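Participant: Protein chains in written order, with my numbering: chain A, -9 to 96; chain B, 1319 to 1629; chain C, 292 to 387; chain D, 164 to 662.
Treat the hints with caution; some may be incorrect.
Stated by the list, open to error - Straight-line Cα separation of at most 27 angstroms, BS3-like style, residue types lysine-lysine; simulated pairs:
1. Lys328(C) - Lys445(D)
2. Lys445(D) - Lys313(D)
3. Lys1579(B) - Lys1527(B)
4. Lys1384(B) - Lys1622(B)
5. Lys230(D) - Lys313(D)
6. Lys227(D) - Lys352(C)
7. Lys335(C) - Lys534(D)
8. Lys230(D) - Lys335(C)
9. Lys93(A) - Lys79(A)
10. Lys659(D) - Lys539(D)
11. Lys384(C) - Lys170(D)
12. Lys352(C) - Lys230(D)
13. Lys335(C) - Lys352(C)
14. Lys227(D) - Lys1331(B)
15. Lys534(D) - Lys445(D)
16. Lys202(D) - Lys335(C)
Hints are computed from structural coordinates only; laboratory data are not their basis. No experiment lies behind these values; they were computed from the predicted model shown.
Spelled out from the first residue to the last, the chains are:
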Amino acid sequence: MTVKALGPYNFPPADRQELFGDDMLVHVNWDGNLLFCAAACFRAPKAMTWGDFKAQMVDPWAAGDPDYDPSRTKDWRLGDVPFEPDPNKTLAEMGVRHKAVIKFRD
Amino acid sequence: MGYELRTMVVEPKRQTFDPLVARFGDRPATRYQEGSFDVQATEHFHYRPTWDPAHELYDVDYSALKLTDNYRYADPRQYYYATYVTDAAARYEAFAQTLAYVEDRRLLDRLPEGWRRVLTGAVIPLRHYEQGAQLISSQAARFSYGTTISQAATYAAFDRIGNAQLYSLVGLALAGGGSDALSEAKENWLSAPSLQPLRRIVEELLVEKDWASGLVALDLVDARLYPLLFTELDERALADGAMAYSLIARHLSDWYGSQQKWLAPLLEAWTTDPTYAEANQKVLADIEDRWQGRATDAVRAVAKLIDGAVR
Amino acid sequence: MSAPTTVRWVGVDLQETDATRAIVEAIETDNADITIKHFPGMIKIQSPGPLHINRSTVEEKYGRPWETHEFQLAIISYAGNIANWDDDEIVIKWEH
Amino acid sequence: MTKLSMKERYHLLTRDLDWTPTYVAPEEVYPHSRYEGIKIHDWGAWEDPFRLTVDAYCKYQAEKDKKLYAVIDSFAQGQGHLGLSDASYVNAVKLFIQGVSPLEYQAHRHFGYLARHLDGAGARFASLCQSLDEIRHAQTQIHTISNYNKHYAGMHDWQKMHQRVWYLSVPKSYFDDALSAGPFEFMTAISFSFEYLLTNLLFVPFMSGASFNGDLATMTFGFSAQSDESRHMTLGLEVIKFMLEQDEGNVPIVQDWIDKWFWRGYRLTTLVAAMMDYFLPKKVMSWKEAFELYFEEQMLGGLFPDLAYYGINPPRHVAQAQAEKEYVSHQVYWILYQYTHAAAFNTTIPSDEAMAWLTESYPTTFDRYYKPLWDKAKAIEAGGGRFYNMALPQLCQVCQIPMGFTEPGDPGQICFRQSEYEGELYNFCSDGCQWIFDREPEKYVQAWLPVHQIYQGNCGGATIPDVLAWYGIAEGDNLDYAVSTDKTSWDEWHAKGGN
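Given these sequences and hints, build the entire structure.
Facilitator: Encoded structure:
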C-alpha cells in the first residue's frame, strides 16, 4: 500500500544515514531492567570500536542505575541475533547499522 | 486558610506569554492579542499534505501576496471568538426584530410596484452569491498564514453564510413563510441574464487557488454591489416609499461596513510592507486588471435589472 | 479483556448546575430504568434503552418555555446516536 | 401557505444555498474530494447532524461565553489559584496548554478546510460551525490559562514548546498526520476517532479532575467546550455512517482508517492516562476506570455493534489497548518522570497515599512492576540524588513516544518492532504503530523526531542547556516538583496566608 496523493509524494527521510555523515544512531536496551524507561539512543562514529562505544557511551548511561556493574553485562544481541562483543571491532564491522537496536542483560 | 489567603495579593511573576512580551513588552496583553498573535504553528511540520505535496501544512506560498511579518496585520475590530459571536448575535437579533416588524406590519405586501421584482431578481438571489463568498473566505481562513489574518477570514466566512441566511429569511417572509420566493430567486440566479455575469465571476473565483486573489477579487465585486444595493437603492426606496426595503438594507449596509473594517487594513498591510510592498502592489494591480472590469460589468447588469423594475 | 457488556447503554453527561436540574428531573420522569452517577461537576445518566428528552416535560419542570436547542447549554457528552432533535424532543439511541 | 417544518426551513437556509456550477467544472471547484477513493453518489442523503442556523449559533454561543468569561474573571480576581488542592496540580494545566490547546487551533483551521473543500453544503456548514467552535476552545483555554501563567512556570512559551519539545511532538505529529491526509480521512481521524471514540477520555476525566482539585476556571472552559463537543460527536458519527451508506467500496477504506486512527489516538491518550493517575493531587477515577467506562462500555459495547451493521469491525489492535489499561499510565509517567529535566513541567515520586491508591486501582500490576521502580527512585533520592535518564531515548517512528511500552502479555519486556524501507531502518513501540508505518511508509519517513533532530544539531546545540534554551524552557520550568519554583512560591503564599 502506498500513500494516495494529488501529485508525487516522495520525500527523503528526515533522519536518513547520509545526514549523519560518518556517524550513525545506535539504540541500546538493558533488557529486563525497566528503570530505564526505553532504549538509549546514541550518535556514534561507524568506525568507533566496540570497546570505546561500551566504555564511553553505554557504561556512563547505564551507571545511572546504582546497581549497574559494567563487567556483568551479557547476552548481547543485535536486533534478535546474539553476538560476542569484540572490543577491537568497529561498530560497522560488527554489522551495526544506522538506527539498529542492541540489547543486553545483566 | 482561605480567608487569610484572600486578603493577600500575589504579585504576578510575568504579565503574559513570551511571544506577546516580545512583541508588545512585558505588560498585560489583551484577550485579542493572547488569542491571536503567534498562535499558528510555523515550523517542524511532520508530513507534507497529500492534497498538495508541493507545500507545507501552513505555507506563505499559498499566496503571491506576502508580509515580512505576518502579524504586521491585526484586525482593528479586535475580534476574537467571544467578542465576535457577541456582536454577531446582536446583529442577527436586530435583523430579526426588523424582519418581525416588517412581517407584523405586512410591509413587504405594501411594497410599491417593481420592488418585489428587485427582491427576487437581485437581492434574494444573493443568498447564493454569499454562499460562494463563504467558500472563498473559507479558502482564506485555511490557507492564509498567521492567526490574525486567518481568524478575520474565518469570521468573514461565517458572516457570509449568515448573510445568505438573512437573504433567505427575507425570501421566506416575502412568500408568507413559504419557499416560493426562494425558488424563484434561485431560478434567477441560475438563468436570469442579469445575474449570469455575477454568477460566472463567483464560480471562477471558486477555482482560484491563491486565497488572497480570491478574497481581493471578491472584494472588487462587493465594493460595487453592496453600495449599489444598500446605499444607492436605499435612497430610491425611501423616495419611493419602499419602507421594508429600506429597513432591511440598513443591516446589510452595516455588515459591509464591518467587512471593510478588517479587509481595508489588510490591503494596506500588503501595499506598505517593508519588504514586499512593491511586489504586492504588482500582484494587486494584476488582480485588478483581471477582475475589476468584469466586476463592474456584472454589477452593471444587476443595476440594469433594477432600473427596469423601479425608478 | 473487555468487560462483558450485554446491555448497550446510551446516555448523556450533563453539567451539574442549578440550571440543569430540571432537565435531569424531566429525564427521570420520561425514562424508566435509568441510572444516575455523580462526578465532580458532572452528572452521568445512562439508560438501557432509547433516552428521551421531551420539551413539554422540561417546560413543566422549569415552569417556563424551553427550546430543545437550549439542551446544548447543559450537555457535556453523550453515548449513542442522536436519532432525533426537533422542536419537541431529543432522542438518543443505538440504531442497529 | 402551510408553515414549513424545522427540517424544511433548515434545508432552505443551508443546503438550498448551493448550486451546481456551470461556468467551471464542479470537480474543479472541489478538487480534493476524490483522490482518497471514497465514493459519494448523493450528497443530498447527508443527514444534518444538528439544525442550528447562524443566528441561533451566535445567540447560544454568546450566552455560553458570557458565563464562561465571568467565571474566568472572577477566578482571576479572587485569586482562585490559591485555592487549588496543591500547586502540583498546575502541571496538568501545563500539559494542557502545551499539548492540547494547539490541537484545538489546528482543528479550527482544518475544519475551515472542510468548510471549503467538501462537495456537500450540509457537511460544509457543519464543518464551518466546528471550525468556529475550535477557535473558541483554543482561545478560552489560552485566556483561562493566561492567569495561571502569571503565577506558575511552564506555560509562558507554549507556542514554541509545542513545536519543539520532544514529548509535544507526540500530539503535534498526530494532528499533522490528520491534516496532511485527505478530507475524508481527516474526518475519520478527528471527527470520528478523536471526537467520538476518544475525546471523552481526554476531556471528561480531565475536567472532573479540575473541578475536584479546585480549578473552577478550567472546569468551566472544559465543560463549556464539551457542550460544543456533543455537536462534534454527532458530526463524527454522521460522517462515518454517510461514507458507509454511500458505497460498499468505502467500507474497507473506512475500516482501515478506523484501525489506523484508533491506534494513533489511543497512543496519544496515554499521555492523558499518566496525567490522570499521577498529575492530579486528588484523583477522580483511574485511567483504567475511565477506559472501561468511556471506551469499553460505551464504544465497544454500544457503538461497534451499531457499526457491525455496515460490516465494520472493532479497531485492529484494540485488544492491545485493552490489555494496556492495566499498566500504560505507569509506563508513560515513568517516562515523564525520568526525563523531567528536559520537560516543561515538574514530576515527583508519588506520595505514600498516592502510591496506596495506585496499588488499589491496579492490583495486578502496580506492586509487581512499578512500585519496585519507585522504591529504587526513592533510594536514589535518599542518597541525595534524583533519578534522571541521562541518555536520549529511542523514539517510535509513528507515535513518537519514547519506546517504553512493553510486549503484549509481558509488562516486564520492552516491545521492539522494526521495518526496513528503502534501505533505512525504522523502529516502533508496538504492532499498531508498525502496521501504520507499513501502510504508508512514504508518509512516516518524513517525521521530525526530536531525538534524531537533536543529534543532527538542529535543536540549538549539543548540550542539554542549549537544547532547553531552544525549547523555550527556562529555569523553574523543569526538574522535580520538590525543587520547583512553583512549590517554593506556593509554600511562601500559603505561609503568608497563615496556613
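Participant: Are the hints correct? Go through all of them and say.
Facilitator: Outcome of the hint check:
For the given pair, Lys328(C) sits about 19 angstroms from Lys445(D) by alpha-carbon distance, which is consistent with the 27 angstroms threshold. For the given pair, Lys445(D) sits about 24 angstroms from Lys313(D) by alpha-carbon distance, which is consistent with the 27 angstroms threshold. For the hint pairing Lys1579(B) with Lys1527(B), the CA-to-CA distance comes to about 25 angstroms; that is within 27 angstroms, so the pair holds. Taking the CA atoms of Lys1384(B) and Lys1622(B), the gap is about 38 angstroms. The hint is violated against a cut of 27 angstroms.
Restraint check for Lys230(D) and Lys313(D): the C-alpha separation of about 23 angstroms stays at or below 27 angstroms, so the hint holds. Restraint check for Lys227(D) and Lys352(C): the C-alpha separation of about 22 angstroms stays at or below 27 angstroms, so the hint holds. Proposed proximity of Lys335(C) and Lys534(D) is contradicted: the alpha carbons are some 33 angstroms apart, above 27 angstroms. The hinted pair formed by Lys230(D) and Lys335(C) meets the criterion: a straight-line CA distance of about 22 angstroms does not exceed 27 angstroms.
For the hint linking Lys93(A) to Lys79(A), the alpha-carbon distance of about 17 angstroms falls within 27 angstroms, and the restraint holds. Restraint check for Lys659(D) and Lys539(D): not satisfied, since their Cα atoms lie roughly 36 angstroms apart, outside the 27 angstroms limit. As the CA atoms of Lys384(C) and Lys170(D) are separated by approximately 20 angstroms, the hinted pair is consistent with the 27 angstroms bound. The straight-line distance between the Cα atoms of Lys352(C) and Lys230(D) is roughly 23 angstroms, inside the 27 angstroms bound, and the hint therefore holds.
Restraint check: the Cα-Cα separation between Lys335(C) and Lys352(C) comes to about 19 angstroms, which is no more than 27 angstroms; the hinted pair holds. In summary, the hint linking Lys227(D) to Lys1331(B) is not supported, as the alpha carbons are separated by about 31 angstroms, beyond the 27 angstroms threshold. Our distance criterion of 27 angstroms between C-alpha atoms is met by Lys534(D) and Lys445(D), whose separation comes to about 20 angstroms. Between Lys202(D) and Lys335(C), the direct Cα distance comes to roughly 38 angstroms. Violation of the 27 angstroms bound is thereby established for this hinted pair.
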